[in-house]
Amino acid sequence: MSDGARSVGPTGLPSARLRMPASGHRRGGRRALDRIGDGSLYGLCVLASLLGVAAIVAIAYQLINGAGLAMSQFGLGFLVHSEWKPNFNVFGAASLLYGTAVTSLGALLLAVPIGISIGLYLSTVAHRRVRGVIGPLVEMLAAIPSVILGFWGIIVLAPFLQAHLEPFLHRTLGFLPIFGAPQTTGTGLFNASLILTIMVVPIIASISRDLFLTIPNDLREGATALGATRWEVVRGVLLPSASSGLVAATFLGLGRALGEAIAVTQVIGAGNAVHASLFGTGDTLASRIADQYQGATTKLQIASLFYLGVLLLVIGLLANLAAQLIVRRFSVRTAIAR
Amino acid sequence: MSDPRDPALPPGGAHDSALPPGGAHDSALSPGGAHDCAHTDSDPADPFGTPGTDALDPARPLTATGNLRRRQLLSRLIEGSQTAAALLAVAVLAAVVYSVASRGAGALNLDFLTKGPPALPDTPGGGIAPEIVGTALLMVVATAMALPIGILTALYLTEFAPPRVGSAIRLALDLLNGLPTIVVGLFVFGLLVVGHYQSGFAGGFALAIIMLPLIARATQEVLLQVPPSLREAADALGVSHWRTVRGIVLPAARGGILTATVLALARAAGETAPLIFTCSIFSNSVSLHVFGQALPNIPVYIFNASEAADPYGFARAWGAGLVLLVFILLSSLAARTLLNRGHSGTAR
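Sequences listed follow chains Z and V, in order. Under this note's numbering, the residue at position 256 of the first sequence is numbered 256, and the numbers go up by one with no gaps. Under this note's numbering, the residue at position 282 of the second sequence is numbered 282, and the numbers go up by one with no gaps.
Derived from the structure by calculation, the hints contain no laboratory data. Among the clues, some could well be false.
Said to hold, decoys possible - On the chain V side, residues computed to face chain Z include the following (Cβ under 10 Å):
#1 L113
#2 A129
#3 V165
#4 L171
#5 S280
#6 F291
#7 W318
Said to hold, decoys possible - Here are some chain Z residues the structure puts well away from chain V; computed CB gaps all over 12 Å:
#8 L109
#9 T184
#10 T214
What the hints assert, rightly or not - Listed next, the stretches of chain Z that the computed footprint assigns to chain V, with coverage defined by at least 3 CB atoms under 8 Å from CB atoms of chain V:
#11 47–53
#12 79–86
Ideal Cβ placement from N, Cα and C applies to all residues, glycine included.
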């Protein structure tokens with residue numbers, strides 16, 4: 001087993017060892033030990049790698065298993081009913097799917113242009129030294145724990161939204177139904193979207209910066225030499241060459257926004273209605289799971305939470321899978337191009 | 001975006017484009033820069049602007065006019081908005097850090113770090129010592145599980161895996177990394193908590209699942225950077241594979257593995273979602289028992305405080321947030337510095 005693996009070295013060179021002539025009796029013991037060592041190293045490595053793969057399978061199995069009761073009781077009707085009444089043993093995810101979609105899409109709508117702009121700023125506009133400062137600072141934004149960001153969202157952001165931004169948006173853009181009358185607390189779908197934006201921007205910014213930096217300088221210089229302005233270089237060369245990577249980054253951001261539970265729970269205000277207005281309260285799949293953690297008593301309610309988990313797992317896996325497949329195809333293509 | 005095959009072609013058409021043989025027409029730097037617009041009404045028999053007529057007219061100003069000016073203005077405006085976006089992100093970071101620091105600093109003192117909660121609820125004072133100890137223990141438990149498995153996985157990927165198997169495992173790790181963390185919490189809840197109790201072990205296990213892909217992928221990157229010549233030298237000396245790994249590869253990658261672990265810890269330390277199902281119902285006293293009972297921890301403490309309406313609880317939560325944030329920002333900063341030094345150190 002170990003011999004087979006050994007013949008393909010990590011460097012790509014054939015690392016076939018010279019078979020040492022049996023030049024002494026002590027060698028035999030050492031060689032036996034080496035064989036055991038090589039074999040067990042290989043075995044341990046395989047085992048560890050399988051654990052990572054097994055974790056995903058086990059997670060899916062465990063969630064589906066836990067959701068069994070709710071799945072048999074509600075079936076796919078769970079997706080289209082929005083009642084969530086633990087006292088009456090009635091559960092449905094429709095309003096949660098709506099809340100998840102609205103908050104995630106709202107976050108992406110803000111985060112994609114901002115993130116790509118930051119990526120462009122860091123890769124084309126900023127001086128090297130400025131880049132060295134602002135780049136890490138933007139990444140620090142991703143390091144802030146979601147629970148702290150959510151707490152900040154309640155205590156600092158919510159009053160500001162309630163007193164200033166929401167009334168302003170309602171006054172100026174109130175003819176759009178999404179900017180309805182502000183609520184009294186400042187928590188709601190809008191606040192959740194903003195908090196999610198803060199979480200997604202650094203992801204998109206750092207990925208897009210790396211993408212733009214890997215585009216060969218020749219292309220940029222060529223376009224510049226043809227008389228294109230810097231924005232025309234960006235629009236004509238950088239954005240098209242990085243487009244698939246940018247789509248992947250967007251999917252990664254979507255995965256993050258969909259799955260964020262804690263911060264959203266804190267700022268979304270736990271409602272169960274489907275409003276047109278962004279200023280109303282709501283809940284997402286993840287936040288509903290998170291805020292019922294101590295209140296879940298009946299088996300059916302716990303199974304329904306697991307059902308939500310299954311939905312979240314499926315959507316999250318799809319978003320991430322899309323991102324990873326695009327990244328893989330993209331990197332293969334650039335590897336060929338070089 | 002409109003036409004990727006012809007990237008530099010601006011909307012203005014041929015006159016505006018730099019493609020005609022006149023070359024420098026559009027450039028603001030050439031003396032003929034003003035041509036851009038004036039050209040249309042010049043002599044049609046002399047479309048390229050013969051030198052000596054108006055192209056080199058020294059009286060012409062060097063500033064751009066007309067369409068070119070519009071394009072340059074647009075370019076500058078957009079660059080300005082990009083700068084503004086970057087500043088906005090930094091400003092948000094500053095706002096959050098400032099809020100946490102200014103509100104948390106008031107709560108922070110020696111008692112806060114060394115004492116338990118106040119005897120009565122709804123009173124000021126008290127500290128978060130149980131939470132600090134509990135979070136540290138959770139980190140130890142999670143690292144003890146994730147680090148060896150992560151390193152072995154990375155070794156498999158770099159030393160053994162055939163390309164297809166390797167890319168499948170990398171995909172699995174990336175997917176695991178992208179999973180909603182609440183799902184991981186729910187999984188461990190179903191696996192270890194239902195029918196048993198919440199425990200520090202269950203919480204640590206959930207955090208280990210979060211850390212595993214981070215450590216494995218980052219370690220793999222580090223292992224790939226170990227110079228092949230070291231391995232080849234070991235091979236040439238007839239050293240067996242496991243001795244090479246133990247004596248050459250891992251020591252060479254030690255700094256990088258440490259960095260990866262610290263970054264993973266910084267991520268896991270702030271995770272709340274995996275803990276609220278597995279390690280959230282705790283008594284507020286210092287506990288070293290990993291099994292059988294939930295460990296108090298800072299993220300869940302802040303989460304609980306934020307859901308309650310106790311102003312003294314808020315004050316303590318800001319303090320706890322400050323402690324957590326300082327730990328996380330400092331450790332990721334340290335890891336980053338370490339990483340940068342490592343990068344500039346290797347001759348690549």
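Each hint, compared with the structure:
Below 10 Å, beta-carbon pairs count as interface contacts, and V/L113 has none with chain Z, the closest being about 18 Å; its hint is therefore violated. With a cut of 10 Å, the hint placing V/A129 at the interface with chain Z is violated, because the nearest CB-to-CB distance is about 19 Å. Residue-level restraint check for V/V165 holds (minimum Cβ-Cβ distance to chain Z is 8 Å; threshold 10 Å). Nearest Cβ of chain Z to the Cβ of V/L171: about 6 Å, under the 10 Å cut. The hint holds.
Contact between V/S280 and chain Z, as hinted, is supported at the beta carbon level, the nearest pair being about 7 Å apart and thus within 10 Å. Hint on V/F291 is violated. Least Cβ distance to chain Z is approximately 21 Å, over the 10 Å limit. Of the supplied interface hints, the one on V/W318 holds, with its beta-carbon coming within about 8 Å of a beta-carbon of chain Z, less than 10 Å. Against chain V, the non-interface label of Z/L109 holds: every CB pair exceeds 12 Å, the least being about 14 Å.
No beta-carbon of chain V is positioned within 12 Å of the beta-carbon of Z/T184; the least distance is around 15 Å. Residue placement check: Z/T214 keeps its beta carbon more than 12 Å from all beta carbons of chain V (closest about 16 Å). For the region 47–53 of chain Z, the stated coverage by chain V is satisfied: 6 residues place a CB nearer than 8 Å to a CB of that chain, which reaches the threshold of 3. Evaluation of the coverage hint for the region 79–86 of chain Z: breached, as 0 residues show C-beta separations to chain V shorter than 8 Å, against a requirement of three.
In summary, the numbered hints that this structure violates are 1, 2, 6, 12.
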